[in-house]
Amino acid sequence: MNIEVAEERDGDALVLLPVGRLDSANARAFESIVMERVDGGEQRLIVDFSRLGFISSSGMRVLLMAAKKLHAGQGKLVLCAMPDHIHEVFRISGFDQIIPIRDTRESALGEV
Amino acid sequence: MADELDVTIPARLSEVRELSGMVEAFGDANGLPDPKVFVINLALDELITNTVTHGLEDKADAEIRIRMQVDGGTLILVMEDNGQPFDPTQDTNADVTSSLEERAIGGLGLHLVKSFADRITYEFVGGRNRLTMEHDLARAAE
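Chains Y and F supply the protein sequences, listed in that same order.
Under this note's numbering, the residues of the first sequence are numbered 1 to 112, in order.
Under this note's numbering, the residues of the second sequence are numbered 1001 to 1142, in order.
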């Protein structure tokens, strides 16, 4: 199952905006999109959650893979604009300790 | 007694979408807060993923039955499947503390299910796995 992912560029940072649900049904499609960008040489990656209403561990797994690969290559992944209910899932997972989460896109651009 | 949900779906990842719509309708009918509907749909996504990827071994007739009801101030969700016996409550704890370099990829789903449920019990009855989760609704309204 596909996922709509909007892309915006800000300087040399790439901002990905997954839309709707990121779940076990479409996590593979999201993985292809994200890892293609990472493998293609993107170093400063932001995933903006403002258009996402649902995520499960299948989707979080993709973000962890991307964060690891970027980190290993001196790049960075920063997340932003996360709704409270999703932020809670990242906190319970301990993801907030290893992947930076910023309130706004502007703040994420300063961090990445 | 408000509306109940009782649905049996083929054990396939693609089914989580239609199921999530049913859970949202159930939430509306029972006045559940949105954050509670979210964690129920999260738990179902994690559990169905777990069953489909680990418990079925290409069983052609694999199916999952989901029942939900609100009893007093408690939401009760029962999930049954005819896959291999597997007790998710005994699953070892997920890695939620190590560094980015060391962090294991995967194993998080059941940690989330257990973290959000107030009570969770497992039985193997009549050749089926049965997982019962209870969510206290008062807590969600705080």
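Hints are computed from structural coordinates only; laboratory data are not their basis.
Hints may be right or wrong, so weigh each one.
[Stated by the list, open to error] Selected chain F positions facing chain Y (in silico; Cβ < 7 Å):
#1 Val1016
#2 Arg1017
#3 Leu1019
#4 Gly1021
#5 Met1022
#6 Ala1025
#7 Asp1045
#8 Glu1046
#9 Thr1092
#10 Val1096
#11 Arg1103
#12 Ile1105
#13 Leu1108
#14 Ser1115
Owing to the predicted nature of the structure, the values given are computational and were not obtained by experimental measurement.
The C-beta atom is built at its ideal place from N, Cα and C for all residues, glycine as well.
May I ask you to test the interface hint for arginine 1103(F) with respect to chain Y, counting a Cβ-Cβ separation under 7 Å as satisfied? 6 Å, holds
Using Cβ atoms only, decide whether leucine 1019(F) comes closer than 7 Å to chain Y, and label the hint accordingly. Since chain Y brings no Cβ nearer than about 10 Å to leucine 1019(F), farther than 7 Å, the hint is violated.
When the nearest CB of chain Y is found for alanine 1025(F), is that gap smaller than 7 Å? With a closest approach of 16 Å, the alanine 1025(F) hint is violated.
Is the hint on serine 1115(F) kept, meaning its closest Cβ partner in chain Y is under 7 Å away? Check passed: Cβ of serine 1115(F) comes within 5 Å of chain Y, closer than 7 Å.
Should the hint that aspartate 1045(F) touches chain Y count as held when the rule is a Cβ pair under 7 Å? 4 Å, holds
Under the criterion of a CB-CB separation shorter than 7 Å, is valine 1016(F) in contact with chain Y as hinted? 5 Å, holds
Does the closest beta carbon of chain Y sit nearer than 7 Å to the beta carbon of arginine 1017(F)? Given a least distance of 6 Å, the restraint on arginine 1017(F) holds.
Double-check valine 1096(F) for me: the hint is only fine if its C-beta lies closer than 7 Å to a C-beta in chain Y. 3 Å, holds
Does the nearest C-beta of chain Y fall within a distance shorter than 7 Å of the C-beta of isoleucine 1105(F)? 6 Å, holds
Have a go at the glutamate 1046(F) hint: is there a Cβ in chain Y nearer than 7 Å to its own Cβ? 6 Å, holds
The hint names threonine 1092(F) as touching chain Y; please verify it with the least Cβ-Cβ distance against 7 Å. Nearest chain Y Cβ about 16 Å off; hint violated.
Once the shortest beta carbon distance from glycine 1021(F) to chain Y is found, is it less than 7 Å? 11 Å, violated
Violation of the numbered hints given earlier is confined to hints 3, 4, 5, 6 and 9; the remaining hints are satisfied by the structure.
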